[in-house]
Amino acid sequence: MAHGGVVIDPHGYLLMREVKNHFDGYVWTFAKGRQDKGESPRETALREVWEEMGINATILIPISGEFAGGTTLNRFFLMVVERGAPNLGYGNDETERLCWATPAEAERLIAQTSNPIGRARDLAILKAAQDSLPKMLPLTRPVVRCADWHSRPMPASRIAVPLDTCYSASEMAAIVCGSLPISQDDKWFIFYEDGVLHCHRSWTGICIYRVYFQPVATGWQARQVEINRHPGQYTESDESEDLALLNTILELLLLMKPI
5 MAHGGVVIDP HGYLLMREVK NHFDGYVWTF AKGRQDKGES PRETALREVW
55 EEMGINATIL IPISGEFAGG TTLNRFFLMV VERGAPNLGY GNDETERLCW
105 ATPAEAERLI AQTSNPIGRA RDLAILKAAQ DSLPKMLPLT RPVVRCADWH
155 SRPMPASRIA VPLDTCYSAS EMAAIVCGSL PISQDDKWFI FYEDGVLHCH
205 RSWTGICIYR VYFQPVATGW QARQVEINRH PGQYTESDES EDLALLNTIL
255 ELLLLMKPI
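Here our numbering is used: the first residue of the sequence shown is 5, the next is one more, and so on.
Bear in mind the hints are in silico, worked out from the structure with no lab data behind them. All C-beta atoms, glycine included, are put in the ideal place defined by N, C-alpha and C. Any given hint could turn out to be false.
Computed Cβ-Cβ distance ranges for the label pairs, DEER-style [said to hold, decoys possible]: (1) Ser187 to Gly42: 46 to 52 Å; (2) Ile163 to Phe27: 50 to 56 Å; (3) Glu111 to Leu256: 30 to 36 Å; (4) Glu100 to Asp152: 28 to 34 Å; (5) Cys170 to Ala89: 32 to 38 Å; (6) Ala173 to Asn251: 17 to 23 Å; (7) Lys261 to Thr75: 41 to 47 Å; (8) Thr75 to Cys170: 35 to 41 Å.
Below, in silico cross-link-like pairs of lysine-lysine (DSBU-like), each with a Cα-Cα straight-line distance of 30 Å or less [claimed, not checked]: (9) Lys139 to Lys261; (10) Lys261 to Lys191; (11) Lys41 to Lys24; (12) Lys139 to Lys191; (13) Lys131 to Lys261; (14) Lys24 to Lys131.
Sequences are here, hints too, so could you generate the full structure?
This is the structure in structure tokens:
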């Protein structure tokens, strides 16, 4: 099994790598590789992106499906990085250079690969990655990252409440984008990172909710929420009120509106 990353910028442009000497017929593709001993799939994917693209990316979500290549099955994570972070002239023994591409441009780049199995695999990966994002690319409302706003960690004083709310793949794509304040009326800074939705008050940076998601047969499930109970940070103590507010936040995220 090999693991890799499909890297996007906050607006949904894809970072592609040109294979050194077009080895085995591959021209433009994604970063991936086999696991080293003791590595988790996430560690492998992040390492391969670092080695083959020279960047430290952030995992958003696992891309649905397994993708058969010539010698291995491959699983991928959707990752995000700041647009200016990659050096497009980066190269090593495996990579000739990098480029940013729209989905349509990425499809044309992948089509240059002469290896039929690899070309079909990479086109399937591209399609699955696009299904993990809102349909209109480039995104008019970019994917929010932790570094985009000031935030404070969830305190040790918290409660955990089980959830059982399911979302379709398209609904999850909207949730993953998060919400960045654009005016003083917007009360929340929200970002999604590797299976967890972090909800912070925009003025103070205090973390009120952390919502944990997991993939299920029908899409995604919100399985648990951690709620701040630090008396110096958050005074609400009614669990039902908290859950009602969280439900409102999630409904607004689905509409892709500031909150």
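Structure-based check of all given hints:
no. : hint                         : verdict
1   : Ser187 to Gly42: 46 to 52 Å  : holds, 48 Å
2   : Ile163 to Phe27: 50 to 56 Å  : holds, 53 Å
3   : Glu111 to Leu256: 30 to 36 Å : holds, 33 Å
4   : Glu100 to Asp152: 28 to 34 Å : holds, 32 Å
5   : Cys170 to Ala89: 32 to 38 Å  : holds, 34 Å
6   : Ala173 to Asn251: 17 to 23 Å : holds, 20 Å
7   : Lys261 to Thr75: 41 to 47 Å  : holds, 46 Å
8   : Thr75 to Cys170: 35 to 41 Å  : holds, 36 Å
9   : Lys139 to Lys261             : holds, 16 Å
10  : Lys261 to Lys191             : holds, 12 Å
11  : Lys41 to Lys24               : holds, 26 Å
12  : Lys139 to Lys191             : holds, 27 Å
13  : Lys131 to Lys261             : holds, 26 Å
14  : Lys24 to Lys131              : holds, 24 Å
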